[in-house]
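With chain A fixed as given, assemble chains B, C and D with the ligands onto it according to the hints.
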Amino acid sequence: MKSLEVTLRHVRDDGRKALVPYFVAGATPDWTRHVEAAVLGGADAIEIGVPFSDPMMDGVVIQEGALRSLERGTTLESICQELESLETEIPLLAMTYYNIFLHYGLSRAAGRLRDSGISGAIVPDLSLEESDEWRAACDESDVATVFLVAPSTPTSRLRDVAQRTQGFLYASARMAVTGGASDAGEGPRVVASLREVTDVPVYVGIGISTPAQAASAASFSDGVIVGSALVKIILDGATPSDVESFVRSFRGAID
Amino acid sequence: MKSLEVTLRHVRDDGRKALVPYFVAGATPDWTRHVEAAVLGGADAIEIGVPFSDPMMDGVVIQEGALRSLERGTTLESICQELESLETEIPLLAMTYYNIFLHYGLSRAAGRLRDSGISGAIVPDLSLEESDEWRAACDESDVATVFLVAPSTPTSRLRDVAQRTQGFLYASARMAVTGGASDAGEGPRVVASLREVTDVPVYVGIGISTPAQAASAASFSDGVIVGSALVKIILDGATPSDVESFVRSFRGAID
Amino acid sequence: MTERDNVMGAPDERGHFGDFGGRFVPEALMPACLELEEAFRDAWSDADFVAEYHTVLRQFAGRPTPVTPLPRLSKRLGLELFAKREDLAHTGSHKINNVIGQTLLTKRMGKPRVIAETGAGQHGVATATAAARLGLACTVFMGEVDTKRQELNVFRMELLGATVVPVTSGSKTLKDAVNEAMREWVTCVADTHYCLGSVMGPHPFPWMVREFQSIIGIEAAAQLSELGVGTPDAVVACVGGGSNAAGVFAGFAQSDARLIGVEAAGGAAVRSGSPGVLHGMRSLLLQDEFGQIEEAHSISAGLDYPGIGPEHAHLAATQRAEYYAIGDDDVLSALTLLSETEGIIPALETAHAVAWIAQEAGGLLPLGSSVLLNLSGRGDKDVAQVRAILRGEA
Amino acid sequence: MTERDNVMGAPDERGHFGDFGGRFVPEALMPACLELEEAFRDAWSDADFVAEYHTVLRQFAGRPTPVTPLPRLSKRLGLELFAKREDLAHTGSHKINNVIGQTLLTKRMGKPRVIAETGAGQHGVATATAAARLGLACTVFMGEVDTKRQELNVFRMELLGATVVPVTSGSKTLKDAVNEAMREWVTCVADTHYCLGSVMGPHPFPWMVREFQSIIGIEAAAQLSELGVGTPDAVVACVGGGSNAAGVFAGFAQSDARLIGVEAAGGAAVRSGSPGVLHGMRSLLLQDEFGQIEEAHSISAGLDYPGIGPEHAHLAATQRAEYYAIGDDDVLSALTLLSETEGIIPALETAHAVAWIAQEAGGLLPLGSSVLLNLSGRGDKDVAQVRAILRGEA
Ligand SMILES: Cc1ncc(COP(=O)(O)O)c(C=O)c1O
Ligand SMILES: Cc1ncc(COP(=O)(O)O)c(C=O)c1O
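Protein sequences appear in the order of chains A, B, C and D. Read in order, the letters of the first sequence are residues 530 to 784 in this note's numbering. Read in order, the letters of the second sequence are residues 530 to 784 in this note's numbering. Read in order, the letters of the third sequence are residues 215 to 608 in this note's numbering. Read in order, the letters of the fourth sequence are residues 215 to 608 in this note's numbering.
None of these hints come from the bench; they were simulated from the model. It should be emphasised that the depicted structure is a prediction, and the values quoted were computed from it without experimental measurement. Heads up, a few of these hints could be off.
Computed list of lysine-lysine pairs in DSS-like fashion (alpha-carbon distance at most 30 Å, straight line) [to be verified]:
hint: 1; chain 1: C; residue 1: 289; chain 2: D; residue 2: 321
hint: 2; chain 1: D; residue 1: 321; chain 2: D; residue 2: 289
hint: 3; chain 1: C; residue 1: 362; chain 2: D; residue 2: 362
hint: 4; chain 1: A; residue 1: 761; chain 2: D; residue 2: 386
hint: 5; chain 1: C; residue 1: 386; chain 2: B; residue 2: 761
hint: 6; chain 1: C; residue 1: 321; chain 2: D; residue 2: 289
hint: 7; chain 1: C; residue 1: 386; chain 2: C; residue 2: 362
Okay, chain A solo, but in the shape it has when bound (with noise of 0.2 Å):
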């Protein structure tokens, strides 16, 4: 079991809902500041989104934060280099297309991630049936690899893709990219057609933008990732106190 899964399953184990909030790095010149914030916040675990040319999973809010983040010239190695500087125990998850690793070389930016303090991945365009490579690369290096399901996946499809993750499971509340949403999902059946093949944590994301829908999908599910929401108080130039009490009050939700 990878580092982060040992540590994701003891949050769990203690009682607590997972939250795990999602940043788009070198957005902004203090994008770790924000980072820190949302650990001062009460956040779980901190995805990272290294920008990608073309982010095809993602909504307007986090194509936006890419853009401007590969405006400011970030890279793979920018990134590292500026989280090598960052102070935290909790885990961090690099969230990227998968192009950004094969161009780097897979064992490459697995080991870079280990060095960097990243302790794993989550790469949307990266199929199960696709994935054989960078699953070894991350095993080298101890990087756990983060699967997504979908309401659309099939139950018996759930279960591979269950016993191939590792830390957590990604459940997307809804067919759609990142952005925000009103409604509840499909969260509640994803999860549960989850807990009858697995124990791994099974985390809920897209669409949740508010401490109200946080909280519903924590009632069912282990954890919660707040994305497009917190990326937007960014992009509208939140300073990192703004990001903690956003994240607080998330926290404050689901506790």
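What follows is chains B, C and D with the ligands alone, placed relative to chain A:
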């Protein structure tokens, strides 16, 4: 033999080269004065162009004359009425496209021409093959049908056309629509071929725009037709006396 | 031979279809018309020429064009509709059939150059295309008004190596382009063929162009049989000069099918015209009380002609074919209808035929009738115009 | 089975052509890709489906398109040239072959709607066309920049009843239209098929689209035999995503013919790209040193794509096919050359292949070679652009 031909043969028998100026009837309000001036200037016959919307055999000058005339409301009827007041001994010929006569009614048209003093008609788009009805109508009214030949007309066909034409044969000096030209064209060859098959008077036209050209054409034919060059000075504002001296200059050249 | 057997046969030896047709041209052009007639008669009875014509149509122009069942529109209208797809022929309309025949004939006559008139530019583009293919020089006369309305077609002709001459006389549209082409032809008839674009003009053009277009109807009749339809109840085509209609009618002249030509209301020579002579033929023409030719007015440049081919005048007179007229207003909705239901954007010309079918389904076309629409051309050339009209910009 | 026998066979069960291909999509889309694969496998081995596909191609799309000998250009270049005339297919390019297959499959899967991406609009128009024919709803994603450059194609799609969504993300061109279509597909995959326009994307698209396009090569091989040419020395096609090239290559994969793909110099994924993952596939991509995808730049919108279909990457890697690049400057003169010598105005995309042939006659193409050019589309859509460029306005 139609009266027109009797008259024109007399001209030839008198050793005189015929001069036939062309006018677009109605192109200017005082067009009949122009005609009278031409008679004074020494014309032997006059071609009265009845304007048609689609003058396929005419170049830009006569097109423009026809357009102006039509805009002034000219019709076959209006022309005939105006001609009734014209006092002249020399023959008048109507020149127009077949649709004008067809639409007026062939017999009625021929009768109307005769009644207004017109003794011949030139219909450039009426081929020999299609001319039976029109010639029959003309026969009822002693109107002569003048045919054209062109440099492209083969010898066998020259004979047919010469046999049918009445009054004279209109020999096109060149393969062109009406309008000025600088060279002598193929007039000599065409006329020479005609001499072999007919003794009907042969007049040369198309592109004769200077007295010198007229003199040259008259040297091998029985007469010349002067169209665009004359219409041009009229459209440019010539007075009746301008017309008279214009015609006189041609008269002088061919005598 | 019964009368029906002779429907759409050859004209008499002077080119008459009943009271219409003939050869009303300046003497300067008579030898060319006679030479052309002889060359055509000779070529058309020469198996090698006919084979070459068919080979070029097949290999170059994309024939046979298919007959397409139109199931969704059929259902909408309560008819059994089929479309003969001339829109799929090279350059986008039936015009190519004729110019391939005429340019091959030009080569055979040993002439190195063709001239043509064009309205919207379809016939001009087709002629420039066939001329490029054979290495013939090509000059196209086009009304100045049309060169401006159809800039891109002017450029297409130029890309194909043709020279486009804007015609500034008269109404500066199609009718005047014909006049100007005739005037030009007089000057160069020895080495130039006038490639006329429809079943009009002096004999042998109306007959020859119909023969070159009859491939449409011959193919369609065979294709409908293959589809199990047999003879359709009606064959419907738009009519400008009448070449696509004549071409498709030719395949059904001896059958029981009703032959229906649809003119533009503003250029309806059969409905609003009277007999007269223009452009070398005796036919039905729009003209005023003095015999002056009137300008046609139609949303579609290809139907913007004040006359109709003489054979159509004869088919109308003998009632073998019926002619109706459709106004501009109904044309746009017909264009949209066919586009949305069947995925085929027709030319504005063709849309007249569609409009008539849509209007008469259950009327002059009893429900359940089988109908062959001659889809004479594609609408791509018209899309900018239609857009401007629908947006109220034109 | 020798190695050659397997060239252009089916990919492995996960959709790999050698090192390329596969299925790199969000989990949300995996079931749709799997379902599609199954539906395609099932349909493609169902004689009724295959027959229907062929019937629609024949009756509606105008297949077979001819192979046209190009005698005048052949003489000019010292080659023996033939063109496979996809420009004559309905809507003006090979794109219709693919969308007919995919829309029939959509119906078979019981989905009432399709979405598509488009660059210049050719695939969008083709999809809107096939959707209209079957009564499917249709939404087309098109970069905002392209909607402005190609206003008339937007309007054509609208006439056909489709909704066009301008894409404002990223470079606002084709690449981003694909991203946006994928994003949309995630939200509606249950009732919507994503009708991808080239041999790209996740398995089974590259394979399926190639199968639907292979009709080009299959027909061409038979037609060349009929013409007595047999196997040509070379088969040349332009390559954007690579669907027309794959389609024509498929008919000659097992032969001795050289297979030659011509990319736009500004979008030359084989010459200037490197392996990567984008739009669901592993292939050759234009990318910077960090793996960010670069924008392609080409005079022709249809080649303005930074990737290439995975099977082409494999054909390049195994050297079964050769890939070259042609710059914008040579494209216009090639377009003019074909127009003037043969009377066919090609699409700008196609003109790349023409330019390469003209450039390499006597070079990489020895004099006397027999060459099949895949004439993927007609140039009408490009005429306004070409005119503006030649006049120095663009
Ligand atoms: C598509 C199309 N249909 C019809 C016509 C009308 O000509 P015709 O009546 O000779 O077929 C034209 C003329 O340009 C045309 O382009
Ligand atoms: C005429 C034409 N050819 C080629 C292409 C390139 O696509 P592909 O490489 O998939 O054939 C396009 C794309 O729009 C096209 O319109």
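For each hint, the structure was consulted:
1. Simply put, residue 289/C and residue 321/D have alpha-carbon atoms about 19 Å apart, close enough for the 30 Å limit, and the pair holds.
2. For the hint pairing residue 321/D with residue 289/D, the CA-to-CA distance comes to about 48 Å; that exceeds 30 Å, so the pair is violated.
3. For the given pair, residue 362/C sits about 23 Å from residue 362/D by alpha-carbon distance, which is consistent with the 30 Å threshold.
4. A C-alpha spacing of about 22 Å is found between residue 761/A and residue 386/D, which places the hinted pair at or below 30 Å, so the restraint holds.
5. For the given pair, residue 386/C sits about 22 Å from residue 761/B by alpha-carbon distance, which is consistent with the 30 Å threshold.
6. A hinted pair counts as satisfied when its Cα atoms are at most 30 Å apart, and residue 321/C with residue 289/D qualifies at roughly 18 Å.
7. About 11 Å separates the Cα atoms of residue 386/C and residue 362/C, which keeps this hinted pair within 30 Å; it holds.
Against the hints set out earlier in the document, a violation occurs for number 2 only.
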